[in-house]
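> The residues making up each chain are set out below.
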Amino acid sequence: MTSATVALPQREPLTYDDVQRLPDDGNRYELLDGYLLVTPSPIPGHQRCVARLLFTLMEAAPAGIDVLPAPTDWYVDERNVFEPDIVVSRRTDVGERRIEVAPLLVVEIHSPGTRVRDLTLKRAAYERGGADAYWLVDLDGPRLTVLERGPDGRFAEVAAVEASDPFHAERPFPVTVVPADLLA
Amino acid sequence: VAVAPVLEQQTEPLTFADLQGLPDDGNRYELLDGLLLVTPPPNTAHQRCVKNLVILVAAAIPDELDVFTAPFDWLLDERNVFEPDVVVFRREDVGSQRLERTPVLVVEVLSLSTRRRDLTLKRAAYARAGVTAYWVVDPDVPALRVFEAGEEVARVDSSDPYTAERPFPVTVVPADLLA
Chain A
5 MTSATVALPQ REPLTYDDVQ RLPDDGNRYE LLDGYLLVTP SPIPGHQRCV ARLLFTLMEA
65 APAGIDVLPA PTDWYVDERN VFEPDIVVSR RTDVGERRIE VAPLLVVEIH SPGTRVRDLT
125 LKRAAYERGG ADAYWLVDLD GPRLTVLERG PDGRFAEVAA VEASDPFHAE RPFPVTVVPA
185 DLLA
Chain B
13 VAVAPVLEQQ TEPLTFADLQ GLPDDGNRYE LLDGLLLVTP PPNTAHQRCV KNLVILVAAA
73 IPDELDVFTA PFDWLLDERN VFEPDVVVFR REDVGSQRLE RTPVLVVEVL SLSTRRRDLT
133 LKRAAYARAG VTAYWVVDPD VPALRVFEAG EEVARVDSSD PYTAERPFPV TVVPADLLA
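As you go down the protein sequences, you meet chains A and B in turn.
Taking our numbering, the leading residue of the first sequence gets 5, the next gets one more, and so forth.
Taking our numbering, the leading residue of the second sequence gets 13, the next gets one more, and so forth.
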């Protein structure tokens, strides 16, 4: 069952340095309020979707904008560190080791097993963290749900498209995404 | 510093079987819809609250109920496994290893890292599971908040008593939990 051991301090909350000591073993380790979220390796369909969306975003991204796949650390504070499937940031906001400025866009691709994480935990955490937009791709459908930060600082759902319906994004830059194409 | 294991590389979602190889190392390992939540051990005030709650509850429950503290697995389904701070259940519902039926009362004592989770995700998960009452103790106030079916039905602070009818009659005074 266990393939390695790591040292975790016996106190809460856990911090960024504690997570740095965890091994690069295929699991995704994130900190939420100082407890650890562990997500095992994604399925191939998930990775195909990441690759397609990454390509689409990179093609459309203007100069000076970075489109980065996980594992890229988005450091919100000492107790909140996330690794979104895709993070889009101004290149000037991307540090040598981690991103410390709220991204322009974060994307999570979920399968049935990670829906709750993405729809509740991550939605609240990314809203608090200050991301300007949060896209959720549901592999069932497939479906793209788009949340954007409103004037009140809260995420609001601005679009939900399925299958071959296109979504024409304006934020973080003009790009068209067709959910069905992400699985092709 | 304790040694914690890393799961062998798996694909999501995790299931109850994946938890079985994890050690009894003081960390709390829970599954929420197949996502592993690892919570470090709680502090002294938290444990004092748990202890006092158990004493209070154990004296109040009828014979057909029992009260346990974490770590004790409540297996809701293969992808949802919780270790509540305090859990009260029918004696006939517990197996030799874990609880596999819905408890009548679940209590979580808030800590720095679990505060938000206990009040949102766990509140929703416990309501979905059909727990009769969910109590949240905030040792910092101190306060007791009572949820039924996900809705807050009572909140008392400090030395104000809360007299419960469900799932069994008992009176809780938040300040006494820290004594």
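Honestly, I wouldn't trust all of these hints.
[To be verified] Here chain A is said to cover these stretches of chain B; the calculated rule only asks that three of the stretch's residues, wherever they fall, bring their Cβ under 8 Å from a Cβ of chain A:
#, segment
1, 39 to 45
2, 53 to 62
3, 115 to 129
[Claimed, not checked] Reference listing, derived: stretches of chain A covered by chain B, where coverage requires no fewer than 3 residues with Cβ under 8 Å from a Cβ of chain B:
#, segment
4, 12 to 21
5, 26 to 38
6, 78 to 84
7, 165 to 178
Worth flagging that the hints you see were computed from the coordinates, not collected in a lab.
These numbers were taken from a predicted model, which means no experiment stands behind them.
Glycine is no exception: its CB is placed at the ideal position from the N, C-alpha and C atoms.
> Each hint: holds or not?
Hint by hint, here is what the structure shows:
Under the rule that three or more residues need a Cβ within less than 8 Å of chain A, the assignment of the segment 39 to 45 of chain B holds, with 3 such residues. For a cut-off of 8 Å, the count of residues in the segment 53 to 62 of chain B with a CB near a CB of chain A stands at 3, and the three-residue condition holds. Residues of the segment 115 to 129 of chain B with a Cβ under 8 Å from some Cβ of chain A number 7, which satisfies the need for three, so the listed coverage holds. Under a criterion of three residues with beta carbons nearer than 8 Å to beta carbons of chain B, the stated coverage of the segment 12 to 21 of chain A is upheld, 7 such residues being counted.
For the segment 26 to 38 of chain A, the assignment as covered by chain B holds, since 8 residues bring a beta-carbon within under 8 Å of that chain's beta-carbons and 3 suffice. Counting residues of the segment 78 to 84 of chain A whose CB falls under 8 Å from any CB of chain B gives 1; the rule of at least 3 is not met. Residues of the segment 165 to 178 of chain A lying with their CB closer than 8 Å to a CB of chain B number 0, which falls below the three-residue condition for coverage.
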